[in-house]
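Chains as they are written, first to last, in my numbering: chain A, 1 to 441; chain B, 1 to 269; chain C, 1 to 328.
Since the hints were made in silico from the structure, they are not lab data.
If you only want the chain A side, here are some residues facing chain B, beta carbon under 7 Å, derived: (1) 57; (2) 98; (3) 104.
In silico DSBU-like pairs for lysine-lysine, Cα to Cα no more than 35 Å straight-line: (4) 75(C) to 102(C); (5) 138(C) to 187(B); (6) 187(B) to 36(C); (7) 248(C) to 187(B); (8) 36(C) to 100(B); (9) 100(B) to 248(C); (10) 100(B) to 187(B); (11) 138(C) to 43(B); (12) 248(C) to 229(C); (13) 248(C) to 36(C); (14) 187(B) to 229(C); (15) 248(C) to 138(C); (16) 138(C) to 229(C); (17) 248(C) to 98(B); (18) 36(C) to 98(B); (19) 75(C) to 153(A); (20) 201(A) to 43(B); (21) 153(A) to 68(A); (22) 98(B) to 187(B).
In this text, a Cβ means the ideal position worked out from N, Cα and C, and glycines have one as well.
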Amino acid sequence: MDTFRKSVSVAAVMALSLALAACGGGDDGASGDDAASGDGAASNGDNTLTVWAWDPAFNIYALEEAEKVYQQDHPDFALEIVETPWDDLQTKLTTLAQSQQLDQLPDIFLMQNNAFQKNVINYPDLVSDYSASGIDFGEFPESVVAYSTVDGKNYGLPFDNGTAITALRTDVLTEAGYTVDDFTDITWSEYITIGEDVLAKTGQPLLTGQAGSSDLIMMMLQSAGASLFDDEGNPTITDNEALLAAIDTYQQLVTTGVLVEVNSWDEYINSIVNSSVAGTINGVWIVGSIQSATDQSGLWDITNLPKLDGVDGATNYSANGGSSWAISSGANAELAADFLGATFAGSTEFYDTILPASGALANWTPAGESDVYAEPQAFFGGDAIFAKVVDFSTQVPSNNTGAYYYEGRDAVSVAITNIINGADPAAALAEAQATVEFAMQ
Amino acid sequence: MTRRFRRLPGYLFLSLAALGSLFPLYFMVVSATNTSQEVLGSKLLPGTHLLENFESLASTQPLGSALWYSAVNAVGTTVLALVITSIAGYGFEVYHTKAKDWLMGLLLLAIMIPFAATMIPLFQMFADFGLVNSSFAVILPFISTPFLILLFRQASRNFPHDIIEAARLDGLRELAIFVRIYVPTMKPTFAAAAVITFMASWNNFLWPKVILVDNAVQTMPMLLSNIRAGYVTDYGMLMLAVLIASLPAMAIFLVLQRSFAEGITGAIK
Amino acid sequence: MSRRTAPTEEAARSAPSPHTKATGRLSRSLGSSSPKFRLAQRRSLTGWTFLIPASLVILCLNFWPMIQAFILSMKTGRGTRLNFAEPLWSNYARLFDDEIFKLTLQTTFIYLIVQVPIMLILALILANLLNDRNLRFKGLWRTAIFLPSAVGLVSYALVFRTMFANDGLVNDILLGFGFIDGPVNWLGQTETARMVIIVGLLWRWTGYNMIFYLAGLQNIDYSTIEAAKIDGANAFQTFWYVTMPQLKPIILLTAIMSTNGTLQLFDESFNLTAGGPANTSMTISHYLYMVSFRNSPNFGYAAAISYVILIIVAVLAAFQIRVGDKRD
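With the rest of the complex left out, here is chain A (with noise of 0.2 Å):
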């Protein structure tokens, strides 16, 4: 009983010291962080910007390249880098909008394109416009640009490139008689044709994709010009040619077999990396994930989408995902908007660093001209995927998202897995249609 007092007693004076440290350290914190949030509203702490941010091995590795680039003309300034995944980040972005705390935004943030619309049109406080910036925002391409894009202004510059692709396993096409070129701006009944044959030869499907994610059916709406919004932000759900269209591609490859369908993001990228299927279609930064297995190296090639069948306007090219730099309102504005204009839209020398070192392709038109981006990339069988891309990239068609997307993608969502399941799609459309418009009342 005795030892037991004693080392209550201890604990406490171990709590009460480490409550004190604690407090101490808050202390610091909070005026520290008075200081910093004083250096962010005002624009003094001069030459120091910081930015929230995810994947060390992408985004922050680029953001270190492009402080080192941006020092060589104005040396005293540094660049704070707070690593934050993009769903805490968005969590973080709505409490403190919602609780006005704005002066403890950082200067620069990453988001997801999907999600910009959504936070600037709910929180037009949070962000600032910057298309009076000296910023051109027409090297880049118009498709990627338009996710931040609201009333006309800028609020985000493009970087992470999300130009969709079709990854394709050159060895696994060989043995059942097939190139990349066979691939090469097809349309999806081509696709199925052949992935059924390749299916049959080399019992590989082609596809791997979440069930019940709406990426693969997105990307074909985007790949024909066509959205879940319209221009005024009313929902097309129904009566969407493109949509019925993509639905219709979609069922197919799931019932031949050339698309099959796993639980979870890591099922996903297991189905690839471990050789159970031959290919996939998502955006380019896949390539990250593929590149984990190294060895298959030397056995993968890319092209571009297949496009809709009987639809008006429908492309070979689309994109899924990618960010954009947004500048907050409370931010040293005019320092962060140079600094983003002499590196990530202004610095071939930047990109060309990046590339080879993290796969981090650019949205930037200029880079893509560089030799760097044309150098042939051994993993992919020598072919130079990165020019390709940044040519892709040009011919994407933009999209409306809106301030609903997400209530958008998840009622389709829904809606897909209703109709594989055997519902009637225009009934399972309708029903997403009324969703959505529920979440919009």
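On the provided structure of chain A, position chains B and C as indicated by the hints.
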């Protein structure tokens, strides 16, 4: 002979429960020694990549710092929580009145609302007081939960009141009775409360994520979240991080478990 | 510490308490004629001081935000452009038309009704088995069964997701033993997805609840068990008639906590099944998160959802307290 057989179903049941509990953990441990590809392929045998995984982890994430801050928060929360909730639970039960029952019911309401709903007003409060981004802010909302108070109150039901009476007759003040008689006797309850509070604080994710604005004082769950956020997740490294994150809670349990599971201890003296 | 026996207590009852000097002085100075009443009052006051710190923290840090959330639940709009609704309860009325909400309500109740009783009974059995002083390797069983609770929620969800993948461990084992003909699509079908969540919950939280029962069992006077054994009761009878009633307070605690936890379930729905096929394994809290942080932020509506959860939990808890919270 018959006595042993009688116990056999018990042993069987326990073995099944233990196996079922340990199997996913075994998978986790084994995955920490394999490469990402192998983990995704559900490899069940240990591999040789433990050191590699550890190096990737230590070089890309501030492992030591996150462990330290998680520890500071968890220990601080646990000790403070034990102090104020145990005496509160004791107060609710030993000095029981209808009014106190009513208050207990009211306090219980506080845990019935999802944290996500009260998080933003709470954040606003802390921001108004300039407490954003401090360890203090991480700890404070969790040092008093109706749950712990309820635990101590319920556990005090079986605490014989005549001992308290006797102590009073001996001339002890109320607080002294609490400290010198109640606390040592209720060791099992304190140990159980310590374990669960430590674990809850250690694994707490939503609030630290929101109240900590930069990563200087980030905690282990935030570190785990960072690892999963990349475009390419190294699953072997992730499992190792998960393993490391789980060790302190396991350690606390191992240290304290004797206190609440000794076998029947006999009459309270 | 010796036990004082009856004579002294009688003396205390009949005479003004001379032992506690302070009380004697107090009662004499107040000129009261019933010192025992004053004593009881003073004690009650001390009791209040004991519980003030904890209660104050809760009232400030929990109740104030709760009130604000309630006010919020009467507003409509998006983002920060919130205005009081016409009529004030329109968010709540809207819930009746919300198909997704109704689905999550149903799903969450299924989890509650199936998982909580099984888990508590399992925990009770395990704790009782482990409380046997003659049991060997006690520490081993205890640790093994508790360990699942030590793993973070996100992590265990990841492990389970991998295990229940179409080509995951569980299917491999079942196929190997010949229990099934083809791989089961655990996470892709509504019933099995919900089952995986229930299995996950059982795996993780049984050991946790077992701890409380173990602690509670320590507080039970062994003489009562001995008496039952002497009277000839078998193991089950001893458990049911002697142990259980004394364990009731703790059982009530775990029942309230599990009900609360399951109705507020979030992490498993979010990380394990991501809401399951077409939102069918999604819980109310998960939907709440979606409405607040993923979709176009509608915090008024989110607050209304959270209050619905609160009302349901409160009603169930009140019922459980009514039924189970008896003082001798």
